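With these hints in hand, go ahead and build the complete structure from the sequences.
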Amino acid sequence: MKKKIKIRPISIILSALFLSMFGGIWYGWWFSDVQVEAHRYTPEDYANNSPLWYLGGILISLFISWGLGLMVRLQGLPGFKGGIKASIKAAIGFGIPLVSYPYVFSPLHDFTLYMVGLFQIVIAWIIAGAIIGSMAIDESTPHES
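To convert, count from 1 in the sequence shown and add 1053; that's this note's numbering.
It is worth saying that the hints were derived from the structure and are not from the lab. What you are looking at is a predicted structure, and each value in this text was computed from that prediction instead of being measured. One thing to keep in mind: the hints can contain errors.
[To be verified] Capping the alpha-carbon separation at 30 Å, the derived lysine-lysine pairs in BS3-like fashion look like this: (1) K1056 - K1134; (2) K1142 - K1057; (3) K1055 - K1138; (4) K1134 - K1059; (5) K1059 - K1138; (6) K1138 - K1057; (7) K1134 - K1057; (8) K1055 - K1142; (9) K1134 - K1055; (10) K1056 - K1138; (11) K1142 - K1056; (12) K1142 - K1059.
Here's what the structure looks like:
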């Protein structure tokens, strides 16, 4: 029997913040040169970025976190390990295929950028799922007051 799991909203928010910060560090610091080279960005391109793009990234992170929380709940897998298992399933079923679209359909087909994106999705989603799972509440067992 699957456990009845409740996802705490704060875990979704913390997970989304983690995803946003991790993505910023991953692409803005560790692998910025790969992205700049693959997309042929210039420093002026980055200087002219609107802050609205970052707001969009936060909203996307919230949506991903909500989806990961849904996976944890539907799988009935509370706890740190449960969050990791659910997020691995989500990454395999949704994250990897989605990050593959730009590689397949881009005229550049930059394999290095694809691998950077692929690893970012897998690592970030696993950690985000662990955050959500570790804060999930198992409602299928009675709690003592």
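**Violated constraints from the hint list, given by number and in increasing order** = Hints that this structure does not satisfy do not exist here, as all of them hold.
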